[in-house]
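Let's have the full structure, built from the sequences with the hints guiding it.
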Amino acid sequence: MGHDLLFQPDNFVAKNLPLAIFVQMGLLSLHIAALFILGASARQRQKRLFRLERTLSADLPLALVDTDAARAWLQSARMFEESTLKAFLLARLESTGGDTRHSYAHLYRELGFVRQDVDHLRSIWRNRKRLALRRLSLVAGPLEAPAVRRVKGDDFFSQLVTAQILARIGTPDDVLQRLKTTRLSSRLMEQPWFVIIRSLSADALAHVVAHWDQLEDPYLAKAVLAVAARQDVTMASKWVDIACKSDSVELRIAGVALLVATPFPQARSRLLGLIRDEAWQVRARVCVCAELTQTPIGRKGLLKALADPHFWVRHHAATTLARGGGEAQSDLKQVATTLTDRYATDAARETLERECGWHAGSAE
Amino acid sequence: MNAWVEIGILCYFLLLNGCYTILVYIAGIDILHQFAVRRPECDADAWQEWTTPPVTIIAPAYNEELTIIPSVLAFLGSGYPRLSIVVVNDGSRDGTLDLLRRRFALEPSNMVTWRRLESKPVRGIYRSRTHDNLLVVDKENGGKADALNAGLNLCRSPLVCCVDADTLIEKGALLRMVGCFFHQKDRVIAVGGTLRVANGCTIRDGVVEAVGWPKGWLARFQVFEYLRSFLFGRMGFNPLRGSLIVSGAFAMFDCEAVVKVGGYLRGCVGEDMELIIRLHREFRRRKIPYRVHYIAEPICYTQVPESVRTLGRQRDRWQRGLCDALWRHRNMCFNPRYGATGMIVYPFFLFFEFFGPPIEMLGYLWFTYCIVAGELNTEFAVLFACTAFLWGLLISVQAILLEAVASTRLFERPLRGQLLFTCFAEWFGYRQLSLSYRLRGLAKYFMGAKSWGRMKRRSLGSLSKHGPAHAGPPYFTPSAPRSQGGGDLEAEAASRVSAGTTVGGKGAGRQRAA
Numbered sequence: 001m002g003h004d005l006l007f008q009p010d011n012f013v014a015k016n017l018p019l020a021i022f023v024q025m026g027l028l029s030l031h032i033a034a035l036f037i038l039g040a041s042a043r044q045r046q047k048r049l050f051r052l053e054r055t056l057s058a059d060l061p062l063a064l065v066d067t068d069a070a071r072a073w074l075q076s077a078r079m080f081e082e083s084t085l086k087a088f089l090l091a092r093l094e095s096t097g098g099d100t101r102h103s104y105a106h107l108y109r110e111l112g113f114v115r116q117d118v119d120h121l122r123s124i125w126r127n128r129k130r131l132a133l134r135r136l137s138l139v140a141g142p143l144e145a146p147a148v149r150r151v152k153g154d155d156f157f158s159q160l161v162t163a164q165i166l167a168r169i170g171t172p173d174d175v176l177q178r179l180k181t182t183r184l185s186s187r188l189m190e191q192p193w194f195v196i197i198r199s200l201s202a203d204a205l206a207h208v209v210a211h212w213d214q215l216e217d218p219y220l221a222k223a224v225l226a227v228a229a230r231q232d233v234t235m236a237s238k239w240v241d242i243a244c245k246s247d248s249v250e251l252r253i254a255g256v257a258l259l260v261a262t263p264f265p266q267a268r269s270r271l272l273g274l275i276r277d278e279a280w281q282v283r284a285r286v287c288v289c290a291e292l293t294q295t296p297i298g299r300k301g302l303l304k305a306l307a308d309p310h311f312w313v314r315h316h317a318a319t320t321l322a323r324g325g326g327e328a329q330s331d332l333k334q335v336a337t338t339l340t341d342r343y344a345t346d347a348a349r350e351t352l353e354r355e356c357g358w359h360a361g362s363a364e
Numbered sequence: 001m002n003a004w005v006e007i008g009i010l011c012y013f014l015l016l017n018g019c020y021t022i023l024v025y026i027a028g029i030d031i032l033h034q035f036a037v038r039r040p041e042c043d044a045d046a047w048q049e050w051t052t053p054p055v056t057i058i059a060p061a062y063n064e065e066l067t068i069i070p071s072v073l074a075f076l077g078s079g080y081p082r083l084s085i086v087v088v089n090d091g092s093r094d095g096t097l098d099l100l101r102r103r104f105a106l107e108p109s110n111m112v113t114w115r116r117l118e119s120k121p122v123r124g125i126y127r128s129r130t131h132d133n134l135l136v137v138d139k140e141n142g143g144k145a146d147a148l149n150a151g152l153n154l155c156r157s158p159l160v161c162c163v164d165a166d167t168l169i170e171k172g173a174l175l176r177m178v179g180c181f182f183h184q185k186d187r188v189i190a191v192g193g194t195l196r197v198a199n200g201c202t203i204r205d206g207v208v209e210a211v212g213w214p215k216g217w218l219a220r221f222q223v224f225e226y227l228r229s230f231l232f233g234r235m236g237f238n239p240l241r242g243s244l245i246v247s248g249a250f251a252m253f254d255c256e257a258v259v260k261v262g263g264y265l266r267g268c269v270g271e272d273m274e275l276i277i278r279l280h281r282e283f284r285r286r287k288i289p290y291r292v293h294y295i296a297e298p299i300c301y302t303q304v305p306e307s308v309r310t311l312g313r314q315r316d317r318w319q320r321g322l323c324d325a326l327w328r329h330r331n332m333c334f335n336p337r338y339g340a341t342g343m344i345v346y347p348f349f350l351f352f353e354f355f356g357p358p359i360e361m362l363g364y365l366w367f368t369y370c371i372v373a374g375e376l377n378t379e380f381a382v383l384f385a386c387t388a389f390l391w392g393l394l395i396s397v398q399a400i401l402l403e404a405v406a407s408t409r410l411f412e413r414p415l416r417g418q419l420l421f422t423c424f425a426e427w428f429g430y431r432q433l434s435l436s437y438r439l440r441g442l443a444k445y446f447m448g449a450k451s452w453g454r455m456k457r458r459s460l461g462s463l464s465k466h467g468p469a470h471a472g473p474p475y476f477t478p479s480a481p482r483s484q485g486g487g488d489l490e491a492e493a494a495s496r497v498s499a500g501t502t503v504g505g506k507g508a509g510r511q512r513a514a
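Going line by line, the protein sequences match chains A and B.
The first sequence lines up with residues 1 to 364 when you count with my numbering.
The second sequence lines up with residues 1 to 514 when you count with my numbering.
Treat the hints with care, since some could be wrong.
Stated by the list, open to error - Here are the computed distance ranges between Cβ atoms for each label pair:
hint	chain 1	residue 1	chain 2	residue 2	range
1	A	Lys300	B	Phe35	52 to 60 Å
2	B	Lys185	A	Asp99	30 to 38 Å
3	B	Leu10	A	Gln44	43 to 51 Å
4	B	Gly216	A	Phe22	34 to 42 Å
5	B	Arg204	A	Phe50	23 to 31 Å
6	B	Gly172	A	Glu216	34 to 42 Å
7	B	Pro239	A	Asp247	31 to 39 Å
8	B	Lys287	A	Arg323	51 to 59 Å
9	B	Cys333	A	Arg323	49 to 57 Å
10	A	Arg323	B	Ala340	43 to 51 Å
11	A	Phe22	B	Cys11	17 to 25 Å
12	B	Lys185	A	Gly141	28 to 36 Å
13	A	Arg54	B	Gly172	23 to 31 Å
14	B	Glu107	A	Val288	22 to 30 Å
Since the hints were made in silico from the structure, they are not lab data.
From the three backbone atoms N, C-alpha and C, an ideal C-beta is built for every residue, glycine too.
And the structure:
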């Protein structure tokens, strides 16, 4: 193929192929060496961890509860390599909670690891910063609050963990500021924020609820009201009107949560008003409210919802009636056997069968 | 003419390997990032939280009597706090349903389903007396996509996890995947995880107790293929909002998103890939920020074929599935409307996966022709072959390195030497074999073949002992009609729903009509 461009021995590609092979061989050797080094270091780490566990585990339970024992434990712990010791404590911090975690956090702090983590928050390496934040979410105390407050929420994860730490060690305003600047893009993202809001003290939650109107993200605004409804609905009662009349479906759902938790009869009638809401999500939430089964008007509303165009509304209405027992259940049985609306009958029958072991054939 | 063919082959070679190398480094960075954001301490919290989203596992099963019980046990023991399991018996002709009925004490239930997506008629729904979160749907055979749609109709949770009936889920895998929906800035619509080869592992009651190394060479080569394709072939696309494939063997979806785009496309061989492309397409079109995410941790195990014939059928089907899915969405290619998915990810799959096999074969043929015609510069040929071989080897070793960083499970035993030897050996025979199957798949696609082919299954408990393989009847996907008259109560109910809430069903119709 002497006439071709590439297959001539003196062309550019052919001349440089030996160099390419040389580079590839070098890279390959490096990667294989890295593979073996990685394996060896993992094994070494395991061995060191095993040795450390064997030496320190026996005294650890006492060190967690007694100051002198803790001092002695720390002294013997300092003889081990720092990274192994850190891994040992972190594994325990991750798998425990409450006072035990607090005691481990104390040992972690005494060994100077918290200081290191705070220093890592200033790192230019994003992952190092994230890992430090993760560790601080377990061990940070009020002393670290200023450092955590300075962390810029340059990515969603850092924003979330920072808020989580500040909910524990910061001021109520810190949490409020974080909530104000956070934007969620789906309902599924609410979960960790619910956990954060739920972990707030009563005062902190009251502060956040008092400034609820400053929250721009509807998902977070809903989460705040939903948590308030579960803990102390009175602190959020002034927002009921705004929430129920809002254009946002999420806020109307929050309004339903507040109304459900409000123990006044007026709340029930307002709730029944929302059973005609244009969004099925809101109507379905109303139908989940068990208290509706206790009044004839409430039961009537739920029975009407059995013929709702949306599957979930029918499903929740039927389930609430079935679980309501007594009159609610007998109303439902009546629908299941006599009503002509096929959707309502179907929802009623299926739910009665599932919830109460009732069979249409036997009733008829 | 000759020169241009050579330049073409050389450019293709450089481009392909260059892209793979880039993907390896992107995946490496992503794995480190995933380790930094992983929060094991949150797992315990999730168990107690009322806000933890419920998940439904949907497992379509057709003639899976050898694997279904361990798999369902693995689903039940997956350690997720709010879990429902829906096993869809897709008209099995073996004892799948009887086995399930006996093992889990199934009793008929007149559960009302919301027929949001079309599927073949459901013959019965059964609820387990021993596990109240287990439902079994018995329906007429309609193929995997049809069975998944039937399962989606029963799904009452915001997240749905679609799995193969022979998949073994690791404990904690679901929590890891659900975590992805919480911690990303954009809305996550699908999450895939790394699949591992179950052959050679010690399995008891659906739990992988020890990761082993398969005894058969064919399975060993596939261990590598899985490493490569999952660790960088898919994770490498994470920064571009995700790959076009999330393995149908284990994928978690935002149920609302799946229903809105019309669910799985019936009669499509590569239904998993097609769904992901459709999700990309719809979200890009509507300009909604979204993400299809891949995680590096090994989360589930699956059987791989140990006979050449079964492997051939599987690869042939995969290639047909890929071609079918890409062809259906061909107008996404180099279409700026679809952003990076249309401009980078789709063309990558088109050039390297769709056209890859014929171009590779052309390379082999050209080389042979040059040798026969005596026109080959031997020195150049040897050097070029060495470069190609070393580059490929380097990428494989990088995949092992990524695995070593992402997980230590393959390294629990001193397997590194064997792993390295296997990645060296696969170049001599296995790659060419795989290429031939992919070419066959491509040819069959152009001839319009739609069947799934016969898959040999082995009892999951026997995977480490190398017991005799059992042949299973074919998983046949009939070419389903484009639309099916609903007629039943829920279809009528759906028609009563306001337009905003039935986008799924109607969207499906539109999609199929298109």
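The hints, checked one at a time:
{"no.": "1", "hint": "Lys300(A) with Phe35(B): 52 to 60 Å", "result": "holds, 56 Å"}
{"no.": "2", "hint": "Lys185(B) with Asp99(A): 30 to 38 Å", "result": "holds, 35 Å"}
{"no.": "3", "hint": "Leu10(B) with Gln44(A): 43 to 51 Å", "result": "holds, 45 Å"}
{"no.": "4", "hint": "Gly216(B) with Phe22(A): 34 to 42 Å", "result": "holds, 36 Å"}
{"no.": "5", "hint": "Arg204(B) with Phe50(A): 23 to 31 Å", "result": "holds, 26 Å"}
{"no.": "6", "hint": "Gly172(B) with Glu216(A): 34 to 42 Å", "result": "holds, 35 Å"}
{"no.": "7", "hint": "Pro239(B) with Asp247(A): 31 to 39 Å", "result": "holds, 35 Å"}
{"no.": "8", "hint": "Lys287(B) with Arg323(A): 51 to 59 Å", "result": "violated, 43 Å"}
{"no.": "9", "hint": "Cys333(B) with Arg323(A): 49 to 57 Å", "result": "holds, 53 Å"}
{"no.": "10", "hint": "Arg323(A) with Ala340(B): 43 to 51 Å", "result": "holds, 49 Å"}
{"no.": "11", "hint": "Phe22(A) with Cys11(B): 17 to 25 Å", "result": "holds, 22 Å"}
{"no.": "12", "hint": "Lys185(B) with Gly141(A): 28 to 36 Å", "result": "holds, 29 Å"}
{"no.": "13", "hint": "Arg54(A) with Gly172(B): 23 to 31 Å", "result": "holds, 27 Å"}
{"no.": "14", "hint": "Glu107(B) with Val288(A): 22 to 30 Å", "result": "holds, 27 Å"}
Figure legend: structure checked against the earlier numbered hints; the only hint not met is number 8.
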